[in-house]
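**Q** One-letter residues, chain by chain:
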Amino acid sequence: MGFTLFYLSVLVLVPIAGLFLRVFQLSWPEFWKLATTDRALAAYQLTFGASLVAAFINAIFGTLLAWVLVRYEFPGRRLIDALVDFPFALPTAVAGLTLANLFAANGWLGQFLVPLGIKGAFTPLGVVIALTFVGMPFVVRTLQPVLEHLDRDMEEAAATLGAGRLRTFVSVIAPTLLPPVMTGFALAFARAIGEYGSVVFISGNIPKKTEIAPYLIVIRLEEYDYLGAMALAVVLLVISFALLVAINVLEQWANRFSR
Amino acid sequence: MSIELKNVTKQFGSVPAVNDVTFGVGDGQLVALLGPSGCGKTTVLRMISGLETPTGGDIFVRGKRVNDVPVQKRNIGFVFQGYALFKSMSVADNIAFGLKIKRWPKADRDARVAELITLLGLKDLERRYPHQLSGGQRQRVALARALAPKPDVLLLDEPFAAVDAKIRQDLREMLVNLHHELKVTTIFVTHDQEEAMEVSNRIVIFDKGRLAQIGTPREVYEEPASEFVARFVGVMNVLDCEVRDGMARFGELEFPTHGVADGQRLRVGFRPYAVQVSNELTAYRHRALLRHTYFLGVLLRLELELPSGLIIRARMSKEEYARLNLSEGREVSMQIRQYRVLAREGESLPPEVSVTHSLALSPGEGI
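The listed protein sequences derive, respectively, from chains A and B. First residue of the first sequence: 175, per the working numbering; consecutive thereafter. First residue of the second sequence: 1278, per the working numbering; consecutive thereafter.
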């Protein structure tokens, strides 16, 4: 216990405290000014908005993917299972480059999608695509062990009581799966907020349009505006923390039956 | 007949799990499907419920063929071995689940749930979640949930396997009482012959996917149809004897036989209760050493060792044991009062043979 706390302190708490201490050198109005420029506000909005959307997409399709991987036996299942980890292993910059190429107007997918009005590259949509890509494994990997241990008896019991498949899924399976799905959602969301490498290529980083908050921080750093960068970082940190706490509370509610 | 199976077969791949099984269960009966694990009894239960589809034969419920009726429409109550309670629902919601699906009005639903809560002694647990219950309580919730929609048939898969001995006993009694009260046709699966004998009024015994015997507990115990049944239901001493001079012999033991040629082998079985034991060494023909005494409650099981090293199991009441002043390590005399020649698998067994005192003492005489 003591060791764990020490470990946590060194790895997490100390750097965060350092960040806050530096920012406390600023007066409140100074901080407010640095943290709430129009450009910064747009960046926050994009980062959190796109991260939420990406996490939602992952929660739905990641659950489906995990379900199929656990419940169905089909050729290539193990390969697909291995591919799930791909976004973990791939350097995010490579992922970003690949996605940007794919969705650019002359890219593989882009050449079909752009004429349809779906612009993947250099748009907020591109940001969502990149964040979905990097967050996907979190949902799948959180859910897989839970699904493997999911009692099939429960489904059969529902059937003997007259419940069809849809009813069984909605009333019996979904409530059991909600807590781990929310955990996966929170992980994917957290990852998306911090994601940098894969987004910068596909987004184009147009200020106030497709510029994400982490990128803005890097720009401030490159301008040697350390305090400006830190002010942004603190805002990012506080909002992320608040959102994760909120998700945690929701998750506890969803999990009320096993506590 | 409430339930009838006609030539029912179930293949899993090329393996027949259930092979040409035919039997019927009358209205309001409490029937045990008994057999060792892997004998197909659970598969039979699951086919009756509709969770499994037979690959051959027909299943009838109340005279109606149900092979193609999906499990949802069969109006059965099923209690799973691992309870299979809905984890995310309270006890009351678990019990009400089937009623909601059948669209019972809320007032009727609440009344029915309250009724079952009382019937199964689940008062004050209504708002608990399954993980907050003990094994016995979970089993009772599972029973309540299965009974709530008033099923035509109640099916239970090894219902008492997962709880400890004391609670198992309570649950058995509860099931008997419930059945007495509700009169719903009930079939339960068990591998425990004692449980089958105690709880059911008919026992269906399975062996390797086939029906070995069906009968009352008394019938299957006293008139087993095969060696398998004889050995599975109750304890039986079985000796692989060789026939010489018209007697099946094993060590110092001899059993008169009819028309079996010398040199043939014959299996002979006898129940522990058929072994007579005396503390007078001359009372019976054979001497034996009382090696162990196992206390089973009112009855004791004795392990007797004959001079040849053969071990025989006998049974005796506590009073008799005290009267004969027996103790482990004592020498006693013994004889076998009744025995049975065990036919080969698939053949039916000849009736039990009673041996009078004098016969057992005089080798060579027939019966």
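Quick caveat, the hints were computed from the structure, so don't treat them as lab data. This structure is a prediction, so every number in the text was calculated from the model and none was measured. Warning: the hint list may mix true and false statements.
Said to hold, decoys possible - Rough simulated footprint, nothing fancy, chain B against chain A, three-plus residues with beta-carbon under 8 Å:
{"#": "1", "stretch": "290-299"}
{"#": "2", "stretch": "330-336"}
Unchecked claim - Derived Cβ-Cβ restraints for the label pairs, each shown as a range:
{"#": "3", "chain 1": "A", "residue 1": "251", "chain 2": "B", "residue 2": "1408", "range": "56 to 62 Å"}
{"#": "4", "chain 1": "A", "residue 1": "412", "chain 2": "B", "residue 2": "1408", "range": "35 to 41 Å"}
{"#": "5", "chain 1": "A", "residue 1": "259", "chain 2": "B", "residue 2": "1442", "range": "45 to 51 Å"}
{"#": "6", "chain 1": "B", "residue 1": "1284", "chain 2": "A", "residue 2": "263", "range": "54 to 60 Å"}
{"#": "7", "chain 1": "A", "residue 1": "178", "chain 2": "B", "residue 2": "1408", "range": "24 to 30 Å"}
{"#": "8", "chain 1": "A", "residue 1": "234", "chain 2": "B", "residue 2": "1395", "range": "41 to 47 Å"}
{"#": "9", "chain 1": "A", "residue 1": "259", "chain 2": "B", "residue 2": "1408", "range": "49 to 55 Å"}
{"#": "10", "chain 1": "B", "residue 1": "1536", "chain 2": "A", "residue 2": "247", "range": "54 to 60 Å"}
{"#": "11", "chain 1": "A", "residue 1": "238", "chain 2": "B", "residue 2": "1278", "range": "52 to 58 Å"}
{"#": "12", "chain 1": "A", "residue 1": "249", "chain 2": "B", "residue 2": "1572", "range": "43 to 49 Å"}
To be verified - Here are some chain A residues the structure puts well away from chain B; computed CB gaps all over 12 Å:
{"#": "13", "residue": "178"}
{"#": "14", "residue": "324"}
{"#": "15", "residue": "325"}
{"#": "16", "residue": "349"}
{"#": "17", "residue": "350"}
{"#": "18", "residue": "352"}
{"#": "19", "residue": "383"}
{"#": "20", "residue": "415"}
We treat Cβ as the ideally placed atom computed from N, Cα and C, and that holds for glycine.
**Q** Hints first: check each against the structure and report whether it holds.
**A** Now the hints, each set against the structure:
{"no.": "1", "hint": "290-299", "in the structure": "violated (count 0)"}
{"no.": "2", "hint": "330-336", "in the structure": "holds (count 7)"}
{"no.": "3", "hint": "A:251 with B:1408: 56 to 62 Å", "in the structure": "violated (32 Å)"}
{"no.": "4", "hint": "A:412 with B:1408: 35 to 41 Å", "in the structure": "holds (36 Å)"}
{"no.": "5", "hint": "A:259 with B:1442: 45 to 51 Å", "in the structure": "holds (47 Å)"}
{"no.": "6", "hint": "B:1284 with A:263: 54 to 60 Å", "in the structure": "holds (57 Å)"}
{"no.": "7", "hint": "A:178 with B:1408: 24 to 30 Å", "in the structure": "holds (27 Å)"}
{"no.": "8", "hint": "A:234 with B:1395: 41 to 47 Å", "in the structure": "holds (43 Å)"}
{"no.": "9", "hint": "A:259 with B:1408: 49 to 55 Å", "in the structure": "violated (32 Å)"}
{"no.": "10", "hint": "B:1536 with A:247: 54 to 60 Å", "in the structure": "holds (58 Å)"}
{"no.": "11", "hint": "A:238 with B:1278: 52 to 58 Å", "in the structure": "violated (46 Å)"}
{"no.": "12", "hint": "A:249 with B:1572: 43 to 49 Å", "in the structure": "violated (60 Å)"}
{"no.": "13", "hint": "178", "in the structure": "holds (27 Å)"}
{"no.": "14", "hint": "324", "in the structure": "violated (10 Å)"}
{"no.": "15", "hint": "325", "in the structure": "violated (6 Å)"}
{"no.": "16", "hint": "349", "in the structure": "violated (4 Å)"}
{"no.": "17", "hint": "350", "in the structure": "violated (5 Å)"}
{"no.": "18", "hint": "352", "in the structure": "violated (8 Å)"}
{"no.": "19", "hint": "383", "in the structure": "holds (43 Å)"}
{"no.": "20", "hint": "415", "in the structure": "holds (29 Å)"}
In summary, the structure is inconsistent with hints 1, 3, 9, 11, 12, 14, 15, 16, 17, 18 from the numbered list given earlier, while agreeing with the others.
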